[in-house]
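K.L.:
Sequence:
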Amino acid sequence: MLRYLPIVIVVALSVYCVFDVLGSDERRRRGLSRHLWLLVVLVPLVGAVAWLLAGRGSSQGGVARRGTGPVAPDDDPEFLFRLDQERRRRQQERDARGDGDGGKGADDAPGARGGDAPDDGDGTADGTGPAASDDAPSA
Numbered sequence: 001m002l003r004y005l006p007i008v009i010v011v012a013l014s015v016y017c018v019f020d021v022l023g024s025d026e027r028r029r030r031g032l033s034r035h036l037w038l039l040v041v042l043v044p045l046v047g048a049v050a051w052l053l054a055g056r057g058s059s060q061g062g063v064a065r066r067g068t069g070p071v072a073p074d075d076d077p078e079f080l081f082r083l084d085q086e087r088r089r090r091q092q093e094r095d096a097r098g099d100g101d102g103g104k105g106a107d108d109a110p111g112a113r114g115g116d117a118p119d120d121g122d123g124t125a126d127g128t129g130p131a132a133s134d135d136a137p138s139a
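The letter at position 7 of the sequence shown is residue 7 when you use the numbering used here, and the numbering goes up by one with no holes.
Everything labelled a hint here was simulated from the structure, so no lab data went into it.
Be aware that one or more of the hints could be misleading.
[What the hints assert, rightly or not] DEER-style ranges, computed between Cβ atoms: (1) V49 / L22: 15 to 21 Å; (2) V49 / L83: 31 to 37 Å; (3) L80 / L32: 42 to 48 Å; (4) R82 / V46: 52 to 58 Å.
Backbone N, C-alpha and C define an ideal beta-carbon position, used for all residues, glycine too.
Please take these sequences and the hints and turn them into a complete structure.
P.N.:
Right under this line is the structure:
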């Protein structure tokens with residue numbers, strides 16, 4: 001069984017390199033066409049080593065390169081700064097109107113305070129009756 005191990009390794013390395021060549025872009029192939037690299041890679045052991053050393057180029061430790069910008073909005077410092085500025089501006093507007101919640105971090109979404117039902121003027125949000133006042137006797 002051990003005598004087949006070198007053959008299996010060479011075949012696996014060649015298969016890996018074939019798929020790597022097929023998935024590579026022109027910049028990584030260093031000037032040769034995809035078809036030429038496939039012919040080179042199919043030469044046992046020498047072709048695969050040639051692709052790994054010369055054809056692939058550097059991929060910075062096996063980590064795929066990504067664009068210059070952040071991937072997600074929460075990784076973008078500029079986005080986070082603008083989000084914080086918007087949150088502060090809304091908080092200042094609430095404080096200026098006098099309906100601030102004391103900085104307890106209430107959500108700015110509609111209906112976040114007391115449900116989705118609008119106030120119909122009777123002191124309750126759902127319109128079921130008069131609101132209890134602090135100076136009214138409780139039963």
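K.L.:
Take the hints in turn and mark each one as holding or not.
P.N.:
Hints and how they fare:
1. Checked against the given bound of 15 to 21 Å, the beta carbons of V49 and L22, roughly 18 Å apart, stay inside it.
2. For V49 paired with L83, a C-beta distance near 50 Å fails the hint of 31 to 37 Å.
3. Separated by about 44 Å at the C-beta atoms, L80 and L32 satisfy the suggested range of 42 to 48 Å.
4. Checking the proposed 52 to 58 Å range against R82 and V46 shows it holds: the Cβ atoms sit about 55 Å from each other.
When each numbered hint is compared with the structure, a violation occurs for hint 2 only.
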